[in-house]
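Dock chains H, Z and V with the ligands against the given chain S, drawing on the hints supplied.
Residue numbers (numbering that gives the first Met the number 0), protein chains in the order written: chain S, 0 to 306; chain H, 0 to 306; chain Z, 0 to 240; chain V, 0 to 240.
Hints are not guaranteed to be accurate.
Pair ranges (Cβ atoms, derived) [to be verified]:
1. S85/V - R192/Z: 47 to 55 Å
2. Q98/Z - G92/S: 29 to 37 Å
3. Q98/Z - E198/H: 13 to 21 Å
4. R27/Z - N206/H: 20 to 28 Å
5. E90/S - A194/Z: 44 to 52 Å
6. R123/V - K280/H: 51 to 59 Å
7. S112/S - R205/V: 34 to 42 Å
8. R72/Z - Q229/S: 35 to 43 Å
9. S85/Z - K280/H: 32 to 40 Å
10. E16/V - R79/Z: 37 to 45 Å
11. N206/H - R79/Z: 39 to 47 Å
Which bits of chain S does chain H cover? Going by a derived footprint, with three or more residues having C-beta under 8 Å, they are [said to hold, decoys possible]:
12. 19-26
13. 60-74
14. 111-124
15. 220-229
16. 244-258
Keep in mind the hints are simulated off the structure, nothing from the lab.
These numbers were taken from a predicted model, which means no experiment stands behind them.
We put the CB at the ideal spot given by N, CA and C, even for glycine.
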Amino acid sequence: MPDTSVRIGSLVLKNPVLAASGTFGFGGDYARLYDVSRLGGIVSKAITLRPRAGNPPPRLWETPCGLLNSIGLENPGLEAFLAEELPRMRELGTAVIVNVWGEDPEEYGELVSRLSLPGVDAIELNLSCPNVRGKGLVGENPEATARVVAVCRRATDKDLWVKFPPQGEVLQAARAAQQAGATAISAANTYRGLAIELETGRPVFANAIGGLSGPAIKPLSLRLVYELSQVVSLPVIGSGGIVSWQDAVEFIMAGAHAVQVGTGNFIDPLCAPKLVRGLRKFLVQRGLGSWELIRGCAHRGGISGAA
Amino acid sequence: MPDTSVRIGSLVLKNPVLAASGTFGFGGDYARLYDVSRLGGIVSKAITLRPRAGNPPPRLWETPCGLLNSIGLENPGLEAFLAEELPRMRELGTAVIVNVWGEDPEEYGELVSRLSLPGVDAIELNLSCPNVRGKGLVGENPEATARVVAVCRRATDKDLWVKFPPQGEVLQAARAAQQAGATAISAANTYRGLAIELETGRPVFANAIGGLSGPAIKPLSLRLVYELSQVVSLPVIGSGGIVSWQDAVEFIMAGAHAVQVGTGNFIDPLCAPKLVRGLRKFLVQRGLGSWELIRGCAHRGGISGAA
Amino acid sequence: MDRQVSLVRAEVVENRELVPGVFLLRARGNFSAQPGQFYLVRAWGLDPPLFRPFSAFDLSQEGISFLYAIRGRGTSLLARLQPGHSLTLLGPLGNGWPQPEGKLALVGGGVGIAPLYLAAKAFREADAYLGFPGRPYLVEKFREVAGRVWVASERGQGGHRGSVTEIFTPDGYRVCYACGPREMLARLWEMCRRAGVWLYVSLEERMACGLGACLGCTVFTRSGPQRVCREGPVFPAQEVF
Amino acid sequence: MDRQVSLVRAEVVENRELVPGVFLLRARGNFSAQPGQFYLVRAWGLDPPLFRPFSAFDLSQEGISFLYAIRGRGTSLLARLQPGHSLTLLGPLGNGWPQPEGKLALVGGGVGIAPLYLAAKAFREADAYLGFPGRPYLVEKFREVAGRVWVASERGQGGHRGSVTEIFTPDGYRVCYACGPREMLARLWEMCRRAGVWLYVSLEERMACGLGACLGCTVFTRSGPQRVCREGPVFPAQEVF
Ligand SMILES: Cc1cc2nc3c(=O)[nH]c(=O)nc-3n(C[C@H](O)[C@H](O)[C@H](O)COP(=O)(O)OP(=O)(O)OC[C@H]3O[C@@H](n4cnc5c(N)ncnc54)[C@H](O)[C@@H]3O)c2cc1C
Ligand SMILES: Cc1cc2nc3c(=O)[nH]c(=O)nc-3n(C[C@H](O)[C@H](O)[C@H](O)COP(=O)(O)OP(=O)(O)OC[C@H]3O[C@@H](n4cnc5c(N)ncnc54)[C@H](O)[C@@H]3O)c2cc1C
Ligand SMILES: Cc1cc2nc3c(=O)[nH]c(=O)nc-3n(C[C@H](O)[C@H](O)[C@H](O)COP(=O)(O)O)c2cc1C
Ligand SMILES: Cc1cc2nc3c(=O)[nH]c(=O)nc-3n(C[C@H](O)[C@H](O)[C@H](O)COP(=O)(O)O)c2cc1C
Ligand code: FES
Ligand code: FES
Numbered sequence: 000m001p002d003t004s005v006r007i008g009s010l011v012l013k014n015p016v017l018a019a020s021g022t023f024g025f026g027g028d029y030a031r032l033y034d035v036s037r038l039g040g041i042v043s044k045a046i047t048l049r050p051r052a053g054n055p056p057p058r059l060w061e062t063p064c065g066l067l068n069s070i071g072l073e074n075p076g077l078e079a080f081l082a083e084e085l086p087r088m089r090e091l092g093t094a095v096i097v098n099v100w101g102e103d104p105e106e107y108g109e110l111v112s113r114l115s116l117p118g119v120d121a122i123e124l125n126l127s128c129p130n131v132r133g134k135g136l137v138g139e140n141p142e143a144t145a146r147v148v149a150v151c152r153r154a155t156d157k158d159l160w161v162k163f164p165p166q167g168e169v170l171q172a173a174r175a176a177q178q179a180g181a182t183a184i185s186a187a188n189t190y191r192g193l194a195i196e197l198e199t200g201r202p203v204f205a206n207a208i209g210g211l212s213g214p215a216i217k218p219l220s221l222r223l224v225y226e227l228s229q230v231v232s233l234p235v236i237g238s239g240g241i242v243s244w245q246d247a248v249e250f251i252m253a254g255a256h257a258v259q260v261g262t263g264n265f266i267d268p269l270c271a272p273k274l275v276r277g278l279r280k281f282l283v284q285r286g287l288g289s290w291e292l293i294r295g296c297a298h299r300g301g302i303s304g305a306a
Numbered sequence: 000m001p002d003t004s005v006r007i008g009s010l011v012l013k014n015p016v017l018a019a020s021g022t023f024g025f026g027g028d029y030a031r032l033y034d035v036s037r038l039g040g041i042v043s044k045a046i047t048l049r050p051r052a053g054n055p056p057p058r059l060w061e062t063p064c065g066l067l068n069s070i071g072l073e074n075p076g077l078e079a080f081l082a083e084e085l086p087r088m089r090e091l092g093t094a095v096i097v098n099v100w101g102e103d104p105e106e107y108g109e110l111v112s113r114l115s116l117p118g119v120d121a122i123e124l125n126l127s128c129p130n131v132r133g134k135g136l137v138g139e140n141p142e143a144t145a146r147v148v149a150v151c152r153r154a155t156d157k158d159l160w161v162k163f164p165p166q167g168e169v170l171q172a173a174r175a176a177q178q179a180g181a182t183a184i185s186a187a188n189t190y191r192g193l194a195i196e197l198e199t200g201r202p203v204f205a206n207a208i209g210g211l212s213g214p215a216i217k218p219l220s221l222r223l224v225y226e227l228s229q230v231v232s233l234p235v236i237g238s239g240g241i242v243s244w245q246d247a248v249e250f251i252m253a254g255a256h257a258v259q260v261g262t263g264n265f266i267d268p269l270c271a272p273k274l275v276r277g278l279r280k281f282l283v284q285r286g287l288g289s290w291e292l293i294r295g296c297a298h299r300g301g302i303s304g305a306a
Numbered sequence: 000m001d002r003q004v005s006l007v008r009a010e011v012v013e014n015r016e017l018v019p020g021v022f023l024l025r026a027r028g029n030f031s032a033q034p035g036q037f038y039l040v041r042a043w044g045l046d047p048p049l050f051r052p053f054s055a056f057d058l059s060q061e062g063i064s065f066l067y068a069i070r071g072r073g074t075s076l077l078a079r080l081q082p083g084h085s086l087t088l089l090g091p092l093g094n095g096w097p098q099p100e101g102k103l104a105l106v107g108g109g110v111g112i113a114p115l116y117l118a119a120k121a122f123r124e125a126d127a128y129l130g131f132p133g134r135p136y137l138v139e140k141f142r143e144v145a146g147r148v149w150v151a152s153e154r155g156q157g158g159h160r161g162s163v164t165e166i167f168t169p170d171g172y173r174v175c176y177a178c179g180p181r182e183m184l185a186r187l188w189e190m191c192r193r194a195g196v197w198l199y200v201s202l203e204e205r206m207a208c209g210l211g212a213c214l215g216c217t218v219f220t221r222s223g224p225q226r227v228c229r230e231g232p233v234f235p236a237q238e239v240f
Numbered sequence: 000m001d002r003q004v005s006l007v008r009a010e011v012v013e014n015r016e017l018v019p020g021v022f023l024l025r026a027r028g029n030f031s032a033q034p035g036q037f038y039l040v041r042a043w044g045l046d047p048p049l050f051r052p053f054s055a056f057d058l059s060q061e062g063i064s065f066l067y068a069i070r071g072r073g074t075s076l077l078a079r080l081q082p083g084h085s086l087t088l089l090g091p092l093g094n095g096w097p098q099p100e101g102k103l104a105l106v107g108g109g110v111g112i113a114p115l116y117l118a119a120k121a122f123r124e125a126d127a128y129l130g131f132p133g134r135p136y137l138v139e140k141f142r143e144v145a146g147r148v149w150v151a152s153e154r155g156q157g158g159h160r161g162s163v164t165e166i167f168t169p170d171g172y173r174v175c176y177a178c179g180p181r182e183m184l185a186r187l188w189e190m191c192r193r194a195g196v197w198l199y200v201s202l203e204e205r206m207a208c209g210l211g212a213c214l215g216c217t218v219f220t221r222s223g224p225q226r227v228c229r230e231g232p233v234f235p236a237q238e239v240f
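One chain only, chain S, in its complex shape (with noise of 0.2 Å):
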């Protein structure tokens, strides 16, 4: 029996396959469909400070192989997910992930200070949602990236998980955060996209901009976590296109530690536990006790130089 877990600074996934922020809920909704507890863990929808509403419809717009998105950040607000979606989570028999999303390194501060709870097994801090009007992405920067999480590294004792936009000086904010006491790095957010309706000659969405994600993305997203994994030693958690068990290879060939499936969750609603099973085969079948020896391959010449 081949060992599928992964470790993440304190934590330790079952395997590593987690469901992506803002594609799973708080998980319960995909508990009527199949047991969410094969998953490696589950990401919350971002929590923020306050509720907030979103964005007016349309949000969804499909493009070849990609979605474009524009939620706008919807959520009930810290106290409501403290009282009612959290308890319910951590029934669900997985690793918790809280995503956390603030106006700025204080809100960040007060937010994991807040979900400094048992329970909580890491914080996500994404500084890279696209779809607020008006705010520059702080993962883009690498000072306003520092800034954030020496605030939060302060305000908790929680693993934190940075995760970064595509675009920016990625690469310097990743090892800013590395600096400032981060615990992973989750690489990526989507990818800035337009679409505009020909009968009307306006961006589809309300705040024009939206986010890109799906199998369109993949090379791209791979090709980050290749050269984020280059540059950081924090293990690099990767997302962006996943949608087959191939695609999950592929990014820990590239460096990741664990992945996060996303849109896949929409093309195919057991795409996340189909990947769990075709992992664990992979692992069998090419005789591999262990992630350890294809982790990152593809910077040392492939499967035979890492023997």
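Positioned in the frame of chain S, the structure of chains H, Z and V with the ligands alone reads:
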């Protein structure tokens, strides 16, 4: 009859559809299939001062709705181009744009100076080839961009189109190009992407990273053109995933003066002439006399807002 | 709220064009939707990425049927399916129509009649008002299970010439369930509000997960943001207008 | 070099599985390829983006046929085609085999026999050496047009047990045309070089345009980079090895 033409600097294109560099050779290959004089213009494969053999195979890899390439600037070199290809290109009955790539500003200068010949309608400075090992991309950097454009501006009277990569400080670099005397902004070249072969655990390309093109990237390039057309007053030429006349209209609504078809030629070898026909029909059916009323309308609240 | 949902592959038994651009698709299997609930449907690979939502039109021993109109990519791909091909279905989803209290009217415009047939079957003696842009379809099926059935169409085929809001009057009804174009629903709400009739409408929004997880299908109602796939697709009209 | 190329839609007449995973597909239309030339083929939308190259296996009054093996996405999609479905074809492409001077041997491994059948038909009296991993196929068709035909297969079905390079000897031939796995070609070249026989091989590379424009299919030869789709797919072995 609507006027489908567009003016870019001193050049009037009969319609806004160009064949993109590197996907259409020097035009003659596609002339075996259809009358390429129907196109607004043809951009040549990148020409370098000396011949280049390019990268080893494989050079192509498919991704969901996308294509990774790692051609590596294979081309016969300036001399052979001038002797053999340019005379034939001139016979094709449409605008001839020569795409050039240099090792440094001086090489760019020499290339454009020696291309200052009758029958060369414009020169496209390729500051964005992702497939040359160990080079940062000039177009990601405003200062480096300004240097190359300034040298070229002194070296020729020809129209200079500057072709940017989709990442890096492109908006600032485009402004720098405008100040340094560029005629038009061409956006964008391919996106840096990666694929890994599961069997070996190695990147599929010898250079690891390749350039992603095709429908997968359309929403990203459309966003970039939308942003560029707000920060420069020069005409913007859009490319990236355009395969239908609807895609082309979106780019024009986002602010593009013209569009380039690259990977679309591979998906449907008649893609470009179909765009020409579709765009003309669109003008007729919407009762538009020219592109003026809809160009950039997405910035102005849509079609009616423009009226 | 926490009923089980299944993901199943089902075999297409029939996919018949009723009038140009409108199809009735039957698939084999054991399904159990409430009137007004829907399924996410797909029959393609990665592109387009999303499933498409369709109301359960009818259920039988043999399986389920959907009534759909060709709109774009997804519905065009569905229209190509032939008997023996397979379909992936996620559901049943959404809240469905409430249990009616008092005399019920069903008002549908075009394929908006889709979620009403199961309602007519389940809530006996309901009257049905069906509007069509062109030639009417499935009217006989409604006659078999509904109380009285009125038909309106643009050129008067099958009954009244004009729109369904011209033949419907709220008088005598306690409650009305409606599905169709937004303007039709707004017009109905005006009529029902004046007459003191409860109106419920089935809304449409693009969907990604269908399960309530992604917040892609949110509409803003008087009680705040609501998910069409979870709190809906059926909403009291006073929440929406 | 500058012959015309056409892009046509053709109707599938037959798509028959000869042995597991290997198909012969016939399409209707008026085609005119030279032996060794190929077509780019597709029967899908945007994904996968590229056409797939296949040698013209045979030409007749009725149309064209292709012999192909399932490898990945594209060939799996082709295998699903049924009579009446349509196919998009770009071609004819590539140089094709040269006119042979002197006694000719044809050597093919697996679906590598595809570009050899038209050669056998065109260049009369050529001998054919056909190797198969499993059960042989289309051997009778070769016998009808070739001189002598030898067969090798892994388990000895149809003739020799082993590989095609074990039954072929260059003695007596002036020239040899071959297509198949790279190792087979390399082995043949060793034999032909020693024996002073001219060897031409048909190479495979991924292709985007098929027309010579994209330089995606370049291989490095002794005379520099060459496009498989334009200068090839047929190259003199001494250029390649
Ligand atoms: C709960 C629910 C039940 C539905 N039941 C039925 C039904 O029984 N029969 C039926 O024919 N249709 C029904 N619809 C609408 C149906 O889902 C859309 O027509 C379909 O998704 C369009 O897919 P497409 O790929 O063909 O169109 P696309 O190519 O995606 O888009 C074409 C056009 O349709 C519009 N559109 C796309 N998706 C939706 C959507 N989800 N809702 C409304 N408009 C959309 C777009 O704005 C666009 O103008 C229902 C929708 C919902 C939300
Ligand atoms: C000029 C030419 C003529 C050919 N004629 C025939 C023929 O008559 N019959 C036949 O069965 N095949 C032929 N091939 C090979 C055929 O094109 C590939 O098998 C096919 O493109 C694979 O497509 P796929 O989508 O199924 O595989 P993919 O999913 O794209 O890839 C699956 C596997 O096939 C390999 N592969 C992919 N593309 C090619 C390629 N162009 N050449 C070689 N290997 C490739 C990949 O490395 C991968 O391991 C020919 C190739 C060329 C270049
Ligand atoms: C509908 C939707 C909502 C999302 N919401 C969030 C969010 O709240 N916080 C966050 O960090 N990322 C969010 N994301 C980004 C995903 O978590 C993921 O990083 C991204 O979609 C790329 O992965 P994918 O291609 O597998 O979807 C969202 C993505 C989608 C599609
Ligand atoms: C095979 C290939 C070769 C290319 N070669 C060049 C080149 O030589 N010079 C250049 O500026 N761009 C080159 N490009 C980029 C294209 O011109 C185009 O900008 C890009 O592919 C995006 O457009 P598309 O999605 O329509 O292909 C190449 C693209 C491809 C796919
Ligand atoms: S479609 Fe995901 S919440 Fe409704
Ligand atoms: S496939 Fe484009 S040059 Fe050969």
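Hints and how they fare:
| no. | hint | result |
| --- | --- | --- |
| 1 | S85/V - R192/Z: 47 to 55 Å | holds, 54 Å |
| 2 | Q98/Z - G92/S: 29 to 37 Å | holds, 35 Å |
| 3 | Q98/Z - E198/H: 13 to 21 Å | violated, 59 Å |
| 4 | R27/Z - N206/H: 20 to 28 Å | violated, 51 Å |
| 5 | E90/S - A194/Z: 44 to 52 Å | holds, 47 Å |
| 6 | R123/V - K280/H: 51 to 59 Å | holds, 53 Å |
| 7 | S112/S - R205/V: 34 to 42 Å | violated, 54 Å |
| 8 | R72/Z - Q229/S: 35 to 43 Å | holds, 40 Å |
| 9 | S85/Z - K280/H: 32 to 40 Å | holds, 38 Å |
| 10 | E16/V - R79/Z: 37 to 45 Å | violated, 23 Å |
| 11 | N206/H - R79/Z: 39 to 47 Å | holds, 41 Å |
| 12 | 19-26 | violated (count 0) |
| 13 | 60-74 | holds (count 5) |
| 14 | 111-124 | violated (count 0) |
| 15 | 220-229 | holds (count 3) |
| 16 | 244-258 | holds (count 5) |
Checked against the numbered hints listed earlier, the structure breaks hints 3, 4, 7, 10, 12 and 14; every other hint is satisfied.
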